[in-house]
Every structure is written in structure tokens, then in C-alpha cells.
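Line by line, the protein sequences give chains D and G. According to the UniProt record's numbering, the first sequence holds residues 1 to 255 in order. According to the UniProt record's numbering, the second sequence holds residues 1 to 255 in order.
Bear in mind the hints are in silico, worked out from the structure with no lab data behind them. Just so you know, these numbers come straight off a predicted model, no measurement behind them. Do not take every clue at face value.
No distinction is drawn between identical chains; accordingly, a pair holds when it is met within one copy or between any pair of copies.
What the hints assert, rightly or not - Only pairs whose alpha carbons sit at most 27 Å apart, straight line, appear in this in silico DSSO-like list of lysine-lysine:
id : residue 1 : residue 2
1  : K10       : K84
2  : K106      : K21
3  : K106      : K180
4  : K106      : K88
5  : K180      : K88
6  : K21       : K32
7  : K88       : K10
8  : K88       : K21
9  : K10       : K191
10 : K88       : K191
11 : K84       : K106
12 : K191      : K84
Protein chains: 2
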Amino acid sequence: MATPAFDLTKLPTRAPADFHKDDTLRQLERIKNELVDWQMRLYAENRRSVLVVLQGMDASGKDGLIRKVFSGLNPQGVAVHSFKEPSKDELAHDFLWRIHARTPAKGMIHVFNRSHYEDVLITRVLGLVNATEARRRFARINDFEQLLREAGTTVLKFYLHVSEEEQRARLLERVQDATKHWKYEAGDEEKARQWPQYRAVYEDVFEHCSPAACPWHIVPADQNWYKAYFVAAALRDALAGMNPQYPASKAERPE
Amino acid sequence: MATPAFDLTKLPTRAPADFHKDDTLRQLERIKNELVDWQMRLYAENRRSVLVVLQGMDASGKDGLIRKVFSGLNPQGVAVHSFKEPSKDELAHDFLWRIHARTPAKGMIHVFNRSHYEDVLITRVLGLVNATEARRRFARINDFEQLLREAGTTVLKFYLHVSEEEQRARLLERVQDATKHWKYEAGDEEKARQWPQYRAVYEDVFEHCSPAACPWHIVPADQNWYKAYFVAAALRDALAGMNPQYPASKAERPE
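Build out the structure end to end from the sequences listed, making use of the hints.
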């Protein structure tokens with residue numbers, strides 16, 4: 001595969017120098033309070049929705065980020081979907097079939113923990129999908145996200161960008177911390193070795209699936225506190241831009 | 001319909017005298033912290049699940065209760081399903097079809113905001129289901145919940161018990177509070193008048209669908225603070241009884 005124009009190693013994996021942990025965590029708490037209000041408005045308005053797509057290599061901290069940013073919101077208006085290895089039934093359909101079924105209804109915020117992008121990521125690293133097929137899928141993904149946007153869904157895509165060193169340290173921690181043992185898998189060492197391969201296929205995604213209306217956010221993710229702040233702030237900004245309003249009465253609220 | 005043996009009007013709609021608001025809210029915060037820990041364990045263990053069924057008349061505060069008790073938990077392990085008027089497709093199946101599709105997978109806590117019980121409640125008040133058909137459905141519901149329990153799901157059923165007076169006051173508030181306008185519906189006055197009819201069909205449910213292994217909890221619900229405390233404490237007790245544990249490694253965690 002040709003070297004993509006997008007160079008992930010040039011992008012920071014750590015917070016900018018003027019961000020400090022305690023300060024940023026205080027800001028995060030303020031933003032989370034704002035999110036609670038925006039989410040209630042989005043739900044009451046019942047006209048538009050938000051889809052948060054989370055991607056990142058193993059141990060980039062997707063689970064922890066979901067806990068830090070989205071706990072506190074009213075779970076009635078939030079759903080998290082984790083996409084793992086597809087089932088036989090899912091494999092019997094096109095690759096967007098199981099994804100489409102889990103997109104947010106009006107009023108809802110859905111979080112995808114991994115997503116349709118796995119079909120152009122791990123599948124390429126495993127050699128199940130070649131470059132030609134990947135190009136085809138990039139086009140279908142862009143079409144699909146446009147369909148969602150035209151139906152009133154704001155799509156926010158975040159890549160949790162961890163350095164090769166930080167990933168290795170975290171995979172090691174799974175062995176050492178009793179509350180993290182259950183995440184340890186026999187393949188973890190191999191995954192750490194595959195960082196450069198994942199980097200290459202991610203770069204290809206960022207080059208082909210970042211239209212101006214729906215870009216990827218590359219989140220410096222070596223520090224959990226900054227990563228959570230970054231995603232929460234981006235979500236808050238998106239909701240503020242949508243500016244959902246309480247309808248005057250249920251009669252004015254679309255069912 | 002014969003008067004059921006179960007008499008809802010004999011059960012309190014307010015907190016016991018020795019409960020005070022500030023104290024109880026502090027206890028609630030402590031319990032919510034315990035729930036965070038139990039939920040992480042349940043999710044990590046990935047062997048059993050919890051289903052919380054919430055029922056109550058209109059304006060009994062189901063939405064607010066979900067917000068108060070379940071926000072704070074990791075949304076990755078929690079899903080809320082609201083059952084409204086069934087769709088054509090749903091009506092083309094048996095009444096448990098849409099419900100069964102939304103039961104929790106292992107590791108998950110699901111909250112049903114309304115549930116399969118609507119099929120023996122509002123449907124009876126509207127005259128769509130008669131007493132004979134209701135009896136048949138009670139049996140099917142008990143069978144269904146037993147199936148879930150045998151598969152490792154703890155089923156917790158809560159009825160939010162508001163007095164006729166409190167319900168009327170809350171429906172009125174929807175007209176007066178700008179952030180609640182959107183919940184107001186033209187039929188709200190009629191719903192308030194139907195309190196006695198709903199009481200009768202609820203009593204019939206409590207009499208027939210409270211096996212020892214899976215009883216209804218009648219929650220005094222005129223005060224929001226006590227109601228949230230009651231449900232949170234019952235959920236905590238149930239989880240503590242299940243006592244889920246972190247597996248030693250992913251290999252020991254059932255997929």
C-alpha cells in the first residue's frame with residue numbers, strides 16, 4: 001500500500017503544554033454539567049440526534065473515555081453500542097447493515113465503541129480486505145454518513161491517538177492490575193507489535209473519510225484526563241451549535 | 001371485574017416518618033457510588049444481567065427516577081428501553097416479541113420504562129383486553145420472567161405509587177413549568193380522571209404477577225427523593241446478593 005499523505009506520527013499524543021491536569025479536570029466537570037442540559041434539550045426537542053464514533057487501537061482507552069464523558073448524562077437519552085467480531089447473521093449482510101440498525105433515533109445520543117470503520121481497519125491488518133476493496137468501502141462509508149447527516153444526525157468521529165510506548169505500557173498494566181486482568185488477552189503482545197500496521201490503515205481512513213462536513217478528530221490520548229476533556233468539549237460545542245430547544249407542548253413535539 | 005384482593009390504597013405513597021430528605025439524599029449518593037462499583041463488576045464478570053422494570057401511572061416520575069438513579073453509571077453497561085404504543089410490525093407479533101428483543105445481554109443492566117405490563121394495563125383501561133385475556137397474559141408474563149431468571153437475569157419490578165392528588169398536581173405543573181410544557185398532552189386531564197381505573201388493573205397485576213421469586217416492589221412515590229432512594233437501594237441490595245466478581249483473565253470471562 002502506498003504511504004498515505006496523512007502522517008499520524010506528526011500529531012501529538014499528549015496535551016498541549018498550557019493544559020494542566022487539575023485545571024482541565026475542573027473544566028471537564030463544568031462541561032459535563034453543560035452536557036446534561038444540552039442532552040435534555042436534544043431529547044425534549046426530538047428532531048435531531050448525535051452519533052459519536054469512537055475508534056482507537058487496543059488499550060487507547062475507549063471504555064474509560066465513555067465512562068468519564070457519558071456517565072452523568074441521562075441514560076434514557078444515551079445508548080452505547082460496542083461492535084465486536086460480527087456474528088454469522090451479520091456477516092450474511094453488507095458491512096453497514098448491523099451499524100445502520102444501531103444509529104440514533106431523533107432525540108438520542110448514541111456512542112459507537114468501535115464502528116463500521118473496523119471493516120477497513122482490523123480487516124485490512126488481518127488481510128481480509130485489500131486496498132481496492134478498502135477504497136470501495138471508504139466511498140460507501142462517506143455516503144452512509146451523509147445519509148445520516150441529511151436525516152438530522154450530527155456525526156462526530158474521534159480517534160484516540162496513543163503512542164506506541166503508551167500502548168505497550170497499558171497492555172502491560174492489564175497483567176499487573178487485578179481490576180484490569182479481565183481485559184487481558186493472549187494476543188495483547190502481538191497487538192502491541194502491530195502498532196505500525198494499524199497506524200498505516202488508520203492514516204488511509206483519515207485521508208479518505210474526513211469530508212469537511214464530517215472530519216475525524218485526532219485526540220491526543222496518552223493522558224486520560226486530556227482525552228476526556230477533548231471529547232466532552234467537542235460534543236458540547238457540537239450540541240451548542242445545534243442549539244436544541246424545548247418544544248412549547250407535546251403537540252409541537254414530533255413523535 | 002371483581003375487586004382484587006390486593007388493595008393499593010392501603011399502601012403508602014409517602015416516605016416512612018423516620019426518613020428525612022437531606023439525610024436520604026446523602027444516603028442516595030453513597031448508594032450510587034456503590035452501584036458504580038457493582039455495575040463494573042457485573043459487566044466485567046459477563047455471566048449474569050439485571051432487568052429493572054418500571055411501571056407507574058402518568059406523571060408518577062419514571063423519567064426523573066431513571067435520571068436520578070442511573071445517571072452516574074457507565075452507560076456502556078446500561079441501556080434504557082422506553083416502550084410506547086406498539087408499531088404495526090410489533091402488533092403483527094405476540095405481545096412479548098418486542099420486549100424479548102430488548103432484554104439484557106450478560107453483563108448488562110437494562111431499564112424498561114414501561115414494559116410488557118402495559119399489555120395488561122392501558123390495554124384493559126381502553127377495553128382492548130378483557131379479564132379472560134388478561135388472565136392468559138398474566139400466565140405468559142410469569143413464564144417469560146421465569147425464562148429470563150433461569151438464564152441468569154435478575155428481574156426487579158417497581159411500581160411508582162403516586163396518590164391521586166399528587167398525580168393531579170404534577171399534571172397541572174406540566175402546564176405551568178416551561179421546561180415541562182413539552183410533556184403536556186391534551187389527554188392529561190382525562191388521565192387524571194382515570195386514576196381509579198388504572199388502580200384496579202394494577203391491583204390485578206400485583207395479585208397475579210408477584211411470584212415469591214420475582215415480586216413487585218410498591219414504591220411510595222409522592223416524594224421524588226424517597227422514590228429514587230428506594231429503587232437505588234433495592235438495586236444495590238440485588239447486586240450485592242448476586243455478588244459479581246472480576247474474572248481472573250479474559251480467558252476466564254465467557255464471551
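Check each numbered hint from earlier against the structure, then list the numbers of those it violates in ascending order. 1, 2, 5, 7, 8
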